[in-house]
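Novice: Chain by chain, the residues run as shown.
There are 2 protein chains.
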Amino acid sequence: MRLCEIGERALLKGLAPIGYPEGAPLPPGDDAGGVWMGGEAWLLKTDGFLYREVALVGMGPFEVGFRGVAATASDLLVKMARPLGFTLGLFLPGDLEVGFARRLVKGAAEAARRLGAHLLGGDTNRGEEVALTVSGFGPAQSPLPREASPGDLLYLAGDRWGRVGAAIRAHYQGRDLGAFPLIREAAFYPLPRLGLLALRGLLRGALDSSDGLSETLWQLAELGVRVDLEALPLHPDVLAFAGGEEEAVELVLFGGEEFEAVLVVPPEAEAQVLARAGEAGLPLFRAGRVGEGEGVYFRGAPVPRRGYAHF
Amino acid sequence: MRLCEIGERALLKGLAPIGYPEGAPLPPGDDAGGVWMGGEAWLLKTDGFLYREVALVGMGPFEVGFRGVAATASDLLVKMARPLGFTLGLFLPGDLEVGFARRLVKGAAEAARRLGAHLLGGDTNRGEEVALTVSGFGPAQSPLPREASPGDLLYLAGDRWGRVGAAIRAHYQGRDLGAFPLIREAAFYPLPRLGLLALRGLLRGALDSSDGLSETLWQLAELGVRVDLEALPLHPDVLAFAGGEEEAVELVLFGGEEFEAVLVVPPEAEAQVLARAGEAGLPLFRAGRVGEGEGVYFRGAPVPRRGYAHF
Chain A
1 MRLCEIGERA LLKGLAPIGY PEGAPLPPGD DAGGVWMGGE AWLLKTDGFL
51 YREVALVGMG PFEVGFRGVA ATASDLLVKM ARPLGFTLGL FLPGDLEVGF
101 ARRLVKGAAE AARRLGAHLL GGDTNRGEEV ALTVSGFGPA QSPLPREASP
151 GDLLYLAGDR WGRVGAAIRA HYQGRDLGAF PLIREAAFYP LPRLGLLALR
201 GLLRGALDSS DGLSETLWQL AELGVRVDLE ALPLHPDVLA FAGGEEEAVE
251 LVLFGGEEFE AVLVVPPEAE AQVLARAGEA GLPLFRAGRV GEGEGVYFRG
301 APVPRRGYAH F
Chain B
1 MRLCEIGERA LLKGLAPIGY PEGAPLPPGD DAGGVWMGGE AWLLKTDGFL
51 YREVALVGMG PFEVGFRGVA ATASDLLVKM ARPLGFTLGL FLPGDLEVGF
101 ARRLVKGAAE AARRLGAHLL GGDTNRGEEV ALTVSGFGPA QSPLPREASP
151 GDLLYLAGDR WGRVGAAIRA HYQGRDLGAF PLIREAAFYP LPRLGLLALR
201 GLLRGALDSS DGLSETLWQL AELGVRVDLE ALPLHPDVLA FAGGEEEAVE
251 LVLFGGEEFE AVLVVPPEAE AQVLARAGEA GLPLFRAGRV GEGEGVYFRG
301 APVPRRGYAH F
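From first to last, the protein sequence lines stand for chains A and B. Take the first sequence: its position 128, counted from the start at 1, is 128 in this note's numbering, and no numbers get skipped. Take the second sequence: its position 31, counted from the start at 1, is 31 in this note's numbering, and no numbers get skipped.
I should point out that these hints are in silico values taken from the structure, not numbers from a laboratory. Incorrect hints may appear among the rest.
Which copy? The list can't say, so a pair holds if one copy fits it or any two copies do.
[Stated by the list, open to error] Dumping the calculated DMTMM-like pairs for lysine to aspartate or glutamate here, alpha-carbon to alpha-carbon at most 25 angstroms:
(1) 13 - 247
(2) 106 - 129
(3) 13 - 95
(4) 13 - 270
(5) 106 - 95
(6) 13 - 110
(7) 106 - 185
Please model the entire structure based on the sequences and the hints provided.
Specialist: Pasting the structure below:
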């Protein structure tokens with residue numbers, strides 16, 4: 001059996017438990033892994049990608065480096081870990097300009113800086129094409145797994161929903177983003193949200209959304225619940241870009257690369273979650289609820305499972 | 001200027017300080033990076049490589065996965081950090097067998113297990129060829145930099161010196177290692193040494209040796225000292241493989257991939273270092289001393305700087 005036959009999700013599912021510690025702060029296959037140390041969880045996360053697969057038109061090495069740290073930091077933050085530092089594993093062709101490599105690292109450093117964290121070195125290797133692997137670590141007092149109970153509320157944190165989907169579409173359609181600065185910003189500099197840490201202790205569960213909201217919600221439903229979307233955040237610029245509500249909903253559901261969090265909120269914690277998010281400047285959008293059953297629905301209609309997979 | 005023109009060392013030297021924290025436990029460009037946290041240093045290390053560049057004849061994905069964790073763990077241990085966990089960033093061709101990926105991860109898990117550590121997940125991506133990036137982290141009470149003062153003694157820890165060099169030569173010459181089980185073991189399963197932690201607080205400095213002893217000693221000399229080798233560990237099996245003392249010395253000086261430590265020992269600490277290493281079962285070999293001046297010498301003759309570089 002070959003990788004392209006079983007697909008990335010099945011591959012990761014099979015690999016994740018190998019060597020994973022029992023009694024770990026988070027189960028294997030969660031957004032980040034970790035160990036207990038002195039009553040605290042220490043989480044470690046690695047995310048890799050090919051340069052050409054994430055560089056949209058107009059993005060350069062600085063933006064791709066920024067995006068790399070953002071992707072890894074997002075997984076840590078959504079698990080309630082404060083990222084302390086990041087390393088870069090770079091595969092680079094020998095004829096690459098040195099300035100290109102420097103800008104890549106500078107973009108990564110800028111994302112780390114804006115998260116109050118640092119770059120802690122890394123490694124370079126010759127490769128056929130530019131590929132990055134970003135690792136990051138940090139402590140979490142109460143690491144937050146992927147969990148949901150019927151009756152819980154669904155919130156979407158952040159304001160990149162639909163915007164990154166729009167930027168990806170613009171890339172493939174050759175559309176200019178000059179008139180859509182917020183869409184460009186969301187795709188080029190998707191800074192994860194330190195404000196998530198203000199919600200420590202209040203949430204039932206959380207998932208990082210990076211392969212599209214639909215895929216993320218399907219992963220939530222796989223825990224054995226039904227996900228009912230009642231509303232989606234449709235920003236005016238996303239509506240204007242999309243040309244209609246239906247098209248904007250598509251961009252929100254099947255975008256990807258948001259590096260935003262899906263939060264599962266017990267109803268009794270809702271008021272406090274909203275208050276703390278308000279103080280922390282964290283945008284929150286109430287999108288629906290969790291019920292008994294299975295599948296993902298938007299206003300009663302099934303949401304197809306479509307998302308990004310590497311194999 | 002292109003990467004292949006400036007070379008890997010100059011590239012890394014330029015990249016290492018970008019975004020690196022001031023007042024960090026170790027300077028940028030050391031074997032691992034880190035941050036202070038609650039009076040303890042937390043180190044993070046990433047090392048990447050192409051499968052085809054490290055897989056010697058007879059090695060399979062299990063051995064290459066093992067080697068990946070070993071390489072990263074070695075950098076942490078030599079800085080006196082106890083590795084807690086590792087993540088894998090994998091680039092894999094779509095037509096690769098699933099079993100190949102599993103054996104790669106199982107080898108990594110086995111190396112982690114033998115170090116009392118764990119695998120904490122990772123990421124898979126499609127790539128043109130198999131490439132791995134291994135990250136690891138752990139705490140260090142007193143992280144050990146690369147340091148040396150004239151008068152210090154030089155020790156080589158471990159027993160893989162010359163053996164891995166012999167295995168690499170056997171690979172390129174098509175020689176069989178059946179009669180040299182220790183050489184094969186050293187190259188196929190180069191487990192770093194937890195025993196190094198027994199030397200906490202006693203050493204002046206330490207360097208991981210993975211690009212060859214000569215290159216490692218030249219990096220030590222670059223700190224502004226002269227390195228005088230007086231003796232080298234020449235194992236009987238390495239002598240037998242090499243066919244003579246001169247050839248065996250070559251294998252020790254210009255091997256690479258040992259994942260062993262070069263230790264800088266203040267003379268007044270020597271007795272205690274030897275005692276603690278003995279208790280911990282850590283092989284130590286007194287190889288020479290550090291003096292004033294510059295360069296690397298073996299019994300008075302200059303040692304050429306020859307080692308592995310990726311660009």
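Novice: Are the hints correct? Go through all of them and say.
Specialist: Hint check:
no., hint, result
1, 13 - 247, "neither (33 angstroms within a copy, 48 angstroms between copies)"
2, 106 - 129, "within (19 angstroms within a copy, 27 angstroms between copies)"
3, 13 - 95, "between (37 angstroms within a copy, 18 angstroms between copies)"
4, 13 - 270, "neither (32 angstroms within a copy, 50 angstroms between copies)"
5, 106 - 95, "within (20 angstroms within a copy, 35 angstroms between copies)"
6, 13 - 110, "between (33 angstroms within a copy, 19 angstroms between copies)"
7, 106 - 185, "within (18 angstroms within a copy, 41 angstroms between copies)"
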